[in-house]
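Participant: Here are the chains, one letter per residue:
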Amino acid sequence: MFRTIAIRIVLGLLTLFAVSVLIFVSTEILPGDVASAVLGQGATPETLAVFRAELGLDRPAYTRYFEWFFKAIQGDFGVAMTNKRVIIETLEPRFLNTMFLAGYAALIAVPLSVGLGIVAAINEGKAVDKVANVLSLMTISVPEFFIAYILILFLAVQYDIFPSLSTVFADMSFTERLYVAALPAATLTMLVMAHMLRMTRTSVLSIMSQPYIEMAFLKGLSRSHVILRHALPNAAAPIISVVALNLAYLIVGVVVIEVVFVYPGVGQYMVDGVSKRDLPVVQACGLIFAGAFVGLNTIADVLAILVNPRLRNPR
Amino acid sequence: MTDTILKLDNLRVESLSGLVIVDNVSLELKRGEVLGLIGESGAGKSTIGLASMVYARAGCRITGGRVEIDGDSIRDLSADDRRKMRGQRIAYIAQSAAASFNPAHRLIDQVCEMPIEHGLMTAAEAKAWALELFRALDLPNPDTFGERYPHQVSGGQLQRAMAAMAMSCKPDILVLDEPTTALDVTTQIEVLALLKKLIRDYNMAALYITHDLAVVAQVADRIMVLRHGKMVELGATEQILLHPNQEYTAALVADRKASDKIAVEAPPEQAMPLLSVSSATGVYGTFKAVNNVTITVSRSETVAVVGESGSGKSSLARLIVGLLPRTAGDVKLNGKSLLSTLKGRDREDLRQIQLIYQQPDVALNPRQTIGEIIGRPVAFYFNRSPEEVKTRVAELLRQVGLPEDYAGRLSTALSGGQKQRVCIARALAAEPQIIICDEPTSALDQLVADDILKLLKRLQDDLGVGYLFITHDLGIVRRIAHRTAVMLRGEIIAQGPTAQIFSPPFHPYTENLLASVPEMRTDWLDEVLAKRSGAAA
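Protein chains in written order, with my numbering: chain A, 358 to 672; chain B, 6 to 542.
Next comes chain A alone, as it looks inside the complex:
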């Protein structure tokens, strides 16, 4: 079993390495570079060349890649080209903000959707099941900014319960942060719930047709006991992986939400970086997102191995 887990982790690291190459290559082949972005249309080829040499952009790509990569894994993403600030210093608080928002949304979304999924499975075909299905489908069928604006319209403008802007500052208290970030967290929750709810429901129901579930019913156990004790442990692996996928989405998919609510997270920083052609910033944000995504999925894979009794207890 430890072998299997070790292989998973190594595969995760390899994926991350491959992604870092992809990130670097794709930012390389973008038309234009930071030099032309900073100097603008009027720059002469000579001034561009001088500026490029100054930024080190004239060296071959692979040298720059390895230099970047080895510094990056030590947490040094270099200096932003546009404003000369050390990237990690800007990135760190923003990353923590993003993690805070994602964690906030996850704490609501995961128990809610897995719980509702189980409730829907227990009451398959009944009203609860149908309502949960329809509502979750509705939230996933409309674009995220639309949900965001609807929430702002009702909860911020009309009833003024929550603020419409979610700008957080370093000196805010925890409860203040919770309050301010309520709307983006709610939007994210609605976005990821449908997927997790439906997957939980389907996984539990597919286990329900197994002979050992019939046996559990024939043992005279109640339906809720059968589902919680007999179906759920066996449905855990697919549920874990869909939860991980959605957690990853909470971290990397928040770009639009952060922009709508003016929330100072990594997504906003990345959008900023892209529009200014600030390659080191884009690369840093990309790598952070990739790390979160691959990391969470690797954790899910390892957990899925751990919950499998056959792998946990070999013959």
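Misleading hints may appear alongside valid ones.
Facing chain B, a subset of chain A residues (Cβ under 8 angstroms, in silico) [as the list claims (entries may be wrong)]:
#1 ARG409
#2 GLY577
#3 SER581
#4 LEU663
Pair by pair, the computed Cβ-Cβ distance ranges are [claimed, not checked]:
#5 A/GLN431 to B/VAL367: 27 to 35 angstroms
#6 A/PRO568 to B/MET525: 53 to 61 angstroms
#7 B/LYS462 to A/MET358: 46 to 54 angstroms
#8 A/ILE366 to B/LYS462: 57 to 65 angstroms
#9 B/ALA84 to A/GLU449: 57 to 65 angstroms
#10 A/ARG667 to B/GLN505: 38 to 46 angstroms
#11 B/ALA129 to A/ALA527: 56 to 64 angstroms
#12 A/VAL367 to B/ASP206: 42 to 50 angstroms
#13 B/ALA129 to A/GLU449: 51 to 59 angstroms
#14 B/SER284 to A/LEU368: 52 to 60 angstroms
#15 A/ARG667 to B/GLU137: 26 to 34 angstroms
Don't read these hints as lab results, they were simulated from the structure. All C-beta atoms in this analysis are idealised placements derived from N, C-alpha and C, irrespective of residue type, glycine included.
Mind docking chain B on chain A? Use the hints.
Facilitator: Same frame as chain A, now just chain B:
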């Protein structure tokens, strides 16, 4: 307290589409009595077993009749009370223990769950009782046995653990649904003996559901024969076996007895066998699934390969066709050595060896018509035009005894026996010299299986095809095999004309195998057990 513990009165079960699955069946079971329910698949045996717990599978419902346990009418109880009655007063033992145990929990937890959940025992009491049952059922290391997970114990042990689970609430009635069918014969005899002892020691009433008359004869006091959801005959076990009143029962009994004698003589050894496997070895990882096997099949000859599950029979088939690469030895067809792997064999080599599988249900593509399934090898191997393929398909369907208009149907509309005929037609379409039959009848009912065997025999007489016939059923071997090879742990331990293999002097393993096949008399099990304990003492 009345003497009758379970009473079914005009029980009726229908599918949601209105098909009648159990048609007005009535029965009475007394305390300490075992009633055998026997019939082919679709006879409604399992449905009756489940209905006596007032449980209907998805798609079915109980539409009429009374179910009484110890005088209480169970169908009139509330859903909650019915649930509490399950397991507590009437418990179920299923065919496949491997599928009926939850893979996520330890055995002891699953065995103790019922009395704890029903509020009958504390955890400690339940565990003590479970350990006592493990001991009574002869499980190895009973004190620690329960700590294991289902995938960590053997099939026979798991089946016994399920019996312990059913007994955990000390119910009045046991419903045993083919409890030994999935087991090898040598394991079946152990489990059967223990179940019989359990039923006797705890004075249980039991419904024993099976398709095998010889098995039920060992445990049942009375037998009810069912067909198409209706009762055919009900009588004492001796009477059913010796003097069946109904024609259908007589056919079942006669068919079961036919497998007791050897039907075919071995043909003279031919100079040049069609297929010859010499000293072949095939491995999965480090496990030698096929170990140094030598076997030949000649024209018009049926060679049976028998052995228990895991003995390497199917692996041998895979090795011959090249799905399992051989690591040593040789496989020759008409004297020409075949490549070790399937990939790279030319079309002619592929054509000459065809396979028929155990489960016709999954061996046919449910989205293709019968015509497409059978026509494909015709077009593939012989480059025929669509018209010619059509004619050939019609001819093949006739050959296997199916109407020609089946060509336009989907296989899903066919019965198991008809599907297997389609599989045979598909194999014949390639006009092979050798057909490897991998347990082609074990998923079929007795009488249907009988027809398939007759068809295979007729085709051999007409076409001269050689069969390598893989089976665990010694009865079939006696009826159709010219020569027999016995496999154990990947090796062939005995080989020769069937009559010779089945008469002394035996290889000890063959003898054990033969002695474990239930015979059609009520005292067989006791006799075998007495002989064994005598030998041990």
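Participant: With reference to the structure, classify each hint as holding or not holding.
Facilitator: Hint check results:
no., hint, verdict
1, ARG409, "violated (55 angstroms)"
2, GLY577, "holds (4 angstroms)"
3, SER581, "violated (12 angstroms)"
4, LEU663, "violated (12 angstroms)"
5, A/GLN431 to B/VAL367: 27 to 35 angstroms, "violated (55 angstroms)"
6, A/PRO568 to B/MET525: 53 to 61 angstroms, "violated (31 angstroms)"
7, B/LYS462 to A/MET358: 46 to 54 angstroms, "holds (51 angstroms)"
8, A/ILE366 to B/LYS462: 57 to 65 angstroms, "holds (59 angstroms)"
9, B/ALA84 to A/GLU449: 57 to 65 angstroms, "holds (58 angstroms)"
10, A/ARG667 to B/GLN505: 38 to 46 angstroms, "holds (44 angstroms)"
11, B/ALA129 to A/ALA527: 56 to 64 angstroms, "holds (57 angstroms)"
12, A/VAL367 to B/ASP206: 42 to 50 angstroms, "violated (56 angstroms)"
13, B/ALA129 to A/GLU449: 51 to 59 angstroms, "holds (55 angstroms)"
14, B/SER284 to A/LEU368: 52 to 60 angstroms, "violated (41 angstroms)"
15, A/ARG667 to B/GLU137: 26 to 34 angstroms, "holds (29 angstroms)"
Of the numbered hints listed earlier, those contradicted by the structure are 1, 3, 4, 5, 6, 12, 14.
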